[in-house]
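Asker: Sequence:
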Amino acid sequence: MAAFTAWVEYIDTSTVLIFLVVFLCALWLLSSSDGPTNWPPGPKAWPVIGNADLFWNNDQLYLSFEELVKKYGDIFHLRFGHRHVVVLSGQEVIREAFVEKGEYFSNRPTFIPLLKYTHNGKGIFNQNGPHLKTLRRFTLRALRDFGVGKSSLEEKIQEELQIVLAEFDAQKGVPFDPNQLFDKAVSNIICSIIFGQRYSYDNEEFQDLLSALNYTFENSGIRNTAVAWLPGPLALALVPKFRKFIEVDRQTKDFVRKRIAEHRDTFDEENVRDFIDMYLNAEKNGDETGALTNENIFQVIVDLFLAGTETTSTTLHWGLLYLIRNPDVQRKCRQEILQVVGQGRPPGMKDQGNLPFTEAAILEIQRLGSIAPIAVVHTVAEPIKFRGYDLAKDTYVLANLYHGHMDPAIWDDPFAFNPDRWLDENNKLKNNPAFMPFSVGRRMCLGDSLAKMEMFLFFTTLLQRFDFGMVDADNPPSTEGFQGITRSPHKYELLTSRA
1 MAAFTAWVEY
11 IDTSTVLIFL
21 VVFLCALWLL
31 SSSDGPTNWP
41 PGPKAWPVIG
51 NADLFWNNDQ
61 LYLSFEELVK
71 KYGDIFHLRF
81 GHRHVVVLSG
91 QEVIREAFVE
101 KGEYFSNRPT
111 FIPLLKYTHN
121 GKGIFNQNGP
131 HLKTLRRFTL
141 RALRDFGVGK
151 SSLEEKIQEE
161 LQIVLAEFDA
171 QKGVPFDPNQ
181 LFDKAVSNII
191 CSIIFGQRYS
201 YDNEEFQDLL
211 SALNYTFENS
221 GIRNTAVAWL
231 PGPLALALVP
241 KFRKFIEVDR
251 QTKDFVRKRI
261 AEHRDTFDEE
271 NVRDFIDMYL
281 NAEKNGDETG
291 ALTNENIFQV
301 IVDLFLAGTE
311 TTSTTLHWGL
321 LYLIRNPDVQ
331 RKCRQEILQV
341 VGQGRPPGMK
351 DQGNLPFTEA
361 AILEIQRLGS
371 IAPIAVVHTV
381 AEPIKFRGYD
391 LAKDTYVLAN
401 LYHGHMDPAI
411 WDDPFAFNPD
421 RWLDENNKLK
431 NNPAFMPFSV
441 GRRMCLGDSL
451 AKMEMFLFFT
461 TLLQRFDFGM
471 VDADNPPSTE
481 GFQGITRSPH
491 KYELLTSRA
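Each residue of the sequence shown is one higher than the one before, counting from 1 in our numbering.
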């Protein structure tokens, strides 16, 4: 791998282009006559590049998909290079594929060069086969054992929130961007579960790690990583900023390796402190499945750290954006919190069922924020006839979750921020099956319980203490997002005052 990395670093791009074009033309000719002919409908594909123009013209691919849904319906076919892609839109078709027929639709691609480099089929995110179930079970058990849904983790979150509150307090009356603060706080909660410790916000190693992660999050949009969908290692040399991706991937993994080494030196099976110790204990006692290898657990830790930081932090960032744009909703949430909790103690998970409007506001933030507008790519495990169409093995499957969150046939005035849509006539929360912020099925996000816990405690604690306002009411921050690993709001500043 080191030799390949060096090759990518110094290879002449024009030479790569020539080889790649010839290679792709040959693959296109071969694949055009290969496999099923009964694909779902879709736009005409260009030779060699397929429908890559969709994301070259618009980095927010989910918006292009919305136009295609209007023309082709809830299932349509694309080609990215020589690969066949089927896009599913709307909760009915997504649940049918990922839940009812999950055995056919739950694989991950093993042939995307960029993912092969970063994951190599290890961990949970990009692994298929028998070890996946064991790893998911082990990870879920570890998350539960170390506090998800329990008072022990709630206490850790509240401890972190005290530091967050102090930071907001220090910024009273000054235009302030809360994004980095949320990154640090949420990362520290993940660190406490995985590594058994939190880091000072000015810790240099911690700051370097977050800078590396932010680069990955912000520069992993469809346009930047599109070439990684094309076949062959030559494609990697053409991924914009790929050398930097290699560097930050290595930096993240070096941080994790150092933590694991420290745990090996101090491990005590009578005192299992965190996720890493739980793995070391399982390793010591023997693992009959063969799943709990160093490589797998190492990648699981990296995956948890990446996913557990970005998703919740981005949702919090969206949340304050919508709350400063909708001060009436913010006031109503605060009134409910003060009526139920008061000011003498911080809100806790025991209050959750008694704060229906605040919970509804959080759900509405998730719906409009739609931080995962397109679920992580799945592949077809075996050939299947699905809704009358023939899907070949290894077909890419993309779930357009954004459509379910913004479909006017489901949501009245879908672009309006309206928490009341989540409440029934008895002021009770109501479920909507089109709402799938964590996806569904066998690949559903493992950290959904942790994320829900963090969001509730962060929003209620912040709103109990502070009032948040716009810096310039005549020029409100935009609610248009940009697509990196997640759909994020553009940078904005707010004003904080004591409630």
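One should not assume that every hint holds.
Unchecked claim - In silico DSS-like pairs for lysine-lysine, Cα to Cα no more than 25 Å straight-line:
1. Lys-133 to Lys-350
2. Lys-428 to Lys-156
3. Lys-44 to Lys-284
4. Lys-156 to Lys-350
5. Lys-385 to Lys-70
6. Lys-428 to Lys-332
7. Lys-133 to Lys-156
8. Lys-133 to Lys-44
9. Lys-350 to Lys-430
10. Lys-430 to Lys-71
11. Lys-393 to Lys-428
12. Lys-350 to Lys-385
What the hints assert, rightly or not - Between beta-carbon pairs, the in silico distance windows are:
13. Ala-499 to Pro-175: 16 to 26 Å
14. Gly-290 to Arg-257: 31 to 41 Å
15. Thr-266 to Asn-203: 39 to 49 Å
16. Ser-478 to Lys-393: 22 to 32 Å
Since the hints were made in silico from the structure, they are not lab data.
Virtual Cβ for every residue (Gly too), placed ideally from N, Cα, C.
Asker: Now tell me if each hint is right for this structure.
Answerer: Tested hints:
1. Lys-133 to Lys-350: With a Cα-Cα distance of about 32 Å, the restraint between Lys-133 and Lys-350 is violated, given a limit of 25 Å.
2. Lys-428 to Lys-156: Violated, because 29 Å separates the two Cα atoms, which is more than 25 Å.
3. Lys-44 to Lys-284: Measuring from Cα to Cα gives roughly 56 Å; hence the hint is violated.
4. Lys-156 to Lys-350: Roughly 16 Å separates the two Cα atoms, so the pair holds.
5. Lys-385 to Lys-70: It holds: about 23 Å lies between the C-alpha atoms, which stays within 25 Å.
6. Lys-428 to Lys-332: holds, 16 Å
7. Lys-133 to Lys-156: Violated: Lys-133 and Lys-156 sit about 29 Å apart, past 25 Å.
8. Lys-133 to Lys-44: Roughly 39 Å between the alpha carbons, so the hint for Lys-133 and Lys-44 is violated.
9. Lys-350 to Lys-430: holds, 19 Å
10. Lys-430 to Lys-71: violated, 31 Å
11. Lys-393 to Lys-428: Violated - the C-alpha atoms of Lys-428 and Lys-393 are around 44 Å apart, more than 25 Å.
12. Lys-350 to Lys-385: violated, 47 Å
13. Ala-499 to Pro-175: 16 to 26 Å: Cβ of Ala-499 to Cβ of Pro-175: about 19 Å, so the range 16 to 26 Å holds.
14. Gly-290 to Arg-257: 31 to 41 Å: violated, 22 Å
15. Thr-266 to Asn-203: 39 to 49 Å: Violated - the Cβ-Cβ distance for Thr-266 and Asn-203, about 19 Å, lies outside 39 to 49 Å.
16. Ser-478 to Lys-393: 22 to 32 Å: violated, 42 Å
In the structure shown, a violation is registered for the earlier hints numbered 1, 2, 3, 7, 8, 10, 11, 12, 14, 15 and 16, in ascending order.
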